[in-house]
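Undergrad: This is what each chain is made of:
2 protein chains.
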Amino acid sequence: MPSANAVLKKPIETPVEPEKRIRNRAATEQAILDAAKRLLAEEGFQNFGINAVARGAGCDKQLIYRYYGGLDGLVEAIGTDLGSWVKDRIPDDTGGMFLLTYGDLMERLALLFLDALRADPLMRRIVAWEVSENSEQVRRLSEARSRALGSWIERMRGSLVPPKGIDAVAVNALIFSAIQHLVLSAAVGDQCAGLALKTAKDWEKAATALRRIVRGVYG
Amino acid sequence: MPSANAVLKKPIETPVEPEKRIRNRAATEQAILDAAKRLLAEEGFQNFGINAVARGAGCDKQLIYRYYGGLDGLVEAIGTDLGSWVKDRIPDDTGGMFLLTYGDLMERLALLFLDALRADPLMRRIVAWEVSENSEQVRRLSEARSRALGSWIERMRGSLVPPKGIDAVAVNALIFSAIQHLVLSAAVGDQCAGLALKTAKDWEKAATALRRIVRGVYG
DNA sequence: TTTGTTATTCACCGGTCGGTGACTGACTGG
DNA sequence: CCAGTCAGTCACCGACCGGTGAATAACAAA
Chain A
429 MPSANAVLKK PIETPVEPEK RIRNRAATEQ AILDAAKRLL AEEGFQNFGI
479 NAVARGAGCD KQLIYRYYGG LDGLVEAIGT DLGSWVKDRI PDDTGGMFLL
529 TYGDLMERLA LLFLDALRAD PLMRRIVAWE VSENSEQVRR LSEARSRALG
579 SWIERMRGSL VPPKGIDAVA VNALIFSAIQ HLVLSAAVGD QCAGLALKTA
629 KDWEKAATAL RRIVRGVYG
Chain B
429 MPSANAVLKK PIETPVEPEK RIRNRAATEQ AILDAAKRLL AEEGFQNFGI
479 NAVARGAGCD KQLIYRYYGG LDGLVEAIGT DLGSWVKDRI PDDTGGMFLL
529 TYGDLMERLA LLFLDALRAD PLMRRIVAWE VSENSEQVRR LSEARSRALG
579 SWIERMRGSL VPPKGIDAVA VNALIFSAIQ HLVLSAAVGD QCAGLALKTA
629 KDWEKAATAL RRIVRGVYG
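Order-wise, the sequence lines are chains A and B. Just remember that this note's numbering sits 428 ahead of the position in the first sequence, which is counted from 1. Just remember that this note's numbering sits 428 ahead of the position in the second sequence, which is counted from 1.
Hints are computed from structural coordinates only; laboratory data are not their basis. Do not rely on the hints blindly, as some may be mistaken.
Listed next, the stretches of chain A that the computed footprint assigns to chain B, with coverage defined by at least 3 CB atoms under 8 angstroms from CB atoms of chain B [to be verified]:
id: 1; region: 498–506
id: 2; region: 510–520
id: 3; region: 557–566
id: 4; region: 616–628
id: 5; region: 636–644
The calculated lysine to aspartate or glutamate pairs, modelled on EDC-like cross-linking and capped at a C-alpha distance of 16 angstroms, are [as the list claims (entries may be wrong)]:
id: 6; chain 1: B; residue 1: Lys465; chain 2: B; residue 2: Asp520
id: 7; chain 1: A; residue 1: Lys489; chain 2: A; residue 2: Glu457
id: 8; chain 1: B; residue 1: Lys629; chain 2: A; residue 2: Asp595
id: 9; chain 1: A; residue 1: Lys633; chain 2: B; residue 2: Asp595
id: 10; chain 1: A; residue 1: Lys515; chain 2: A; residue 2: Asp548
id: 11; chain 1: B; residue 1: Lys629; chain 2: B; residue 2: Asp618
id: 12; chain 1: A; residue 1: Lys515; chain 2: A; residue 2: Asp543
id: 13; chain 1: B; residue 1: Lys515; chain 2: B; residue 2: Asp548
id: 14; chain 1: B; residue 1: Lys633; chain 2: A; residue 2: Asp595
id: 15; chain 1: B; residue 1: Lys515; chain 2: B; residue 2: Asp543
id: 16; chain 1: A; residue 1: Lys515; chain 2: A; residue 2: Glu582
id: 17; chain 1: A; residue 1: Lys629; chain 2: B; residue 2: Asp543
Backbone N, C-alpha and C define an ideal beta-carbon position, used for all residues, glycine too.
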């Protein structure tokens with residue numbers, strides 16, 4: 429029976445607006461962009477393609493070619509949107525604290541980043557995509573993300589400087605790597621390297637460990 | 429022109445043995461397994477499928493169904509093989525050092541793991557796969573990997589115990605997460621969060637930062 | 001109304017996918 | 001010599017993919 433073929437990933441593919449689609453280019457463009465982001469966030473990049481996006485947006489795929497020049501252009505548009513991610517999701521101020529030392533700063537940045545990534549499925553998918561493929565598409569996205577993140581850190585950093593004798597770039601790369609992989613791992617399987625990551629209590633443990641690591645390096 | 433369709437990922441798909449395939453089940457099974465691992469390591473899980481493996485093994489896909497019960501069974505076989513990964517790739521002894529403290533141990537483990545992962549493309553792909561999908565296939569693989577890794581750590585640990593008051597499970601999860609994401613990131617784009625990871629010198633920096641982090645927590 | 005513009009849809013193409021059933025051809029035991 | 005077993009091949013199926021060219025439907029200006 430060839431029906432076994434169909435694992436049939438058919439959650440019925442609800443279009444965003446099943447009602448009448450009236451002639452409105454701007455709205456359609458937005459619907460496409462939204463559908464793309466939604467699909468990417470919910471399904472991941474595995475089944476991300478022209479057909480899927482068109483289906484999700486409830487319009488013909490031809491419009492994606494016309495309005496965005498294909499999937500690449502669409503991804504680029506997502507990347508552009510992404511520029512506003514940081515300022516939407518992560519607070520810009522110090523939360524009323526006084527960040528006196530570089531260690532204070534990094535602790536706060538790390539915890540903010542952890543929470544922000546936990547709360548944003550799209551961002552997680554993009555991070556996962558980044559370490560899984562090397563296409564032009566994902567490279568663009570990756571760049572946009574890293575730029576946004578970098579500028580956020582720069583803004584928060586103010587005039588604080590890392591302690592002498594510490595390669596802050598390398599250390600911070602490791603710290604942010606840790607956060608990203610931890611969150612990705614948790615999003616897929618509710619655990620990471622034997623550490624359960626389900627309940628709020630679990631996450632508190634992770635946050636404590638993260639603090640400890642940051643403080644261990646920066647004091 | 430529909431030829432634009434074909435981005436034509438055609439490195440000519442060299443079969444392992446282009447010469448005569450003589451009747452030899454064991455050899456064919458091995459060829460399939462090897463092709464699968466090779467494909468996974470070199471191409472990633474994106475284009476990993478029955479057809480690709482059969483092509484790579486130079487045999488008909490029907491044999492994969494016959495011998496392994498389909499892709500799932502094949503992946504499971506890879507997972508079984510994986511059990512021997514650790515003892516093949518990572519030394520079991522202390523390298524002549526005396527590991528006096530838990531910090532000594534973790535520093536050595538971290539650096540060993542970093543190098544091992546850097547040297548093993550298949551393992552990297554699997555790690556990337558783990559954080560990108562949640563299918564049954566990858567779950568099996570993930571389990572096999574984590575079990576192998578856990579037992580290795582247990583074996584190396586000996587009688588050393590982490591310092592009191594430190595949640596070693598959480599801290600170690602973060603440390604290993606950091607390593608994994610760093611290596612994955614480097615494998616894709618030769619850098620991670622602004623840290624270049626190309627030359628041996630770059631990696632030495634990363635290793636130093638890693639040491640610093642471990643020592644910062646465990647002393 | 002007519003004419004043109006623009007948004008949107010439709011039909012179709014070549015390919016690849018996972019999967020299946022029937023086939024070929026070599027070796028083996030009786 | 002023949003029947004059975006078993007490795008391996010082949011042709012085909014339906015589904016979906018990315019992509020394109022032409023048709024259609026709604027609107028605006030004349």
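Undergrad: Hint by hint, say whether it matches the structure.
TA: Hint check results:
1. Proximity of the region 498–506 of chain A to chain B, defined as three or more residues with a beta carbon under 8 angstroms from a beta carbon of that chain, is not established by the 0 residues found.
2. A stretch counts as covered by a chain when three or more of its residues have a beta carbon under 8 angstroms from one of that chain; for the region 510–520 of chain A and chain B the count is 0, and the coverage is violated.
3. Counting residues of the region 557–566 of chain A whose beta carbon lies closer than 8 angstroms to any beta carbon of chain B gives 6, which reaches the threshold of three, so the coverage claim holds.
4. With 6 residues bearing a CB less than 8 angstroms from a CB of chain B, the region 616–628 of chain A meets the requirement of three and the coverage assertion stands.
5. Chain B is given as covering the region 636–644 of chain A, and this holds because 7 residues of the stretch bring a CB closer than 8 angstroms to a CB of that chain, at least three being needed.
6. At roughly 24 angstroms between alpha-carbon atoms, B/Lys465 and B/Asp520 are farther apart than 16 angstroms, so this suggested pair is violated.
7. Annotation: proposed proximity of A/Lys489 to A/Glu457 holds, straight-line Cα distance about 12 angstroms (limit 16 angstroms).
8. Only pairs whose Cα atoms come within 16 angstroms are accepted, and B/Lys629 paired with A/Asp595 is accepted, the gap being roughly 13 angstroms.
9. A hinted pair counts as satisfied when its Cα atoms are at most 16 angstroms apart, and A/Lys633 with B/Asp595 qualifies at roughly 8 angstroms.
10. About 13 angstroms separates the Cα atoms of A/Lys515 and A/Asp548, which keeps this hinted pair within 16 angstroms; it holds.
11. Using a Cα cut-off of 16 angstroms, the hinted pair B/Lys629 and B/Asp618 holds, with the two alpha carbons roughly 13 angstroms apart.
12. A hinted pair counts as satisfied when its Cα atoms are at most 16 angstroms apart, and A/Lys515 with A/Asp543 qualifies at roughly 14 angstroms.
13. Note on B/Lys515 and B/Asp548: the hinted pairing holds, with a Cα-Cα distance of about 13 angstroms set against a maximum of 16 angstroms.
14. The suggested pairing of B/Lys633 with A/Asp595 holds, with an alpha-carbon distance near 8 angstroms, which does not exceed 16 angstroms.
15. Taking the CA atoms of B/Lys515 and B/Asp543, the gap is near 14 angstroms; set against the 16 angstroms cutoff, the hint holds.
16. With a CA separation close to 13 angstroms, the supplied pair A/Lys515 and A/Glu582 stays within the 16 angstroms bound.
17. Between A/Lys629 and B/Asp543 the alpha-carbon distance is near 33 angstroms, which puts this suggested pair outside the 16 angstroms criterion.
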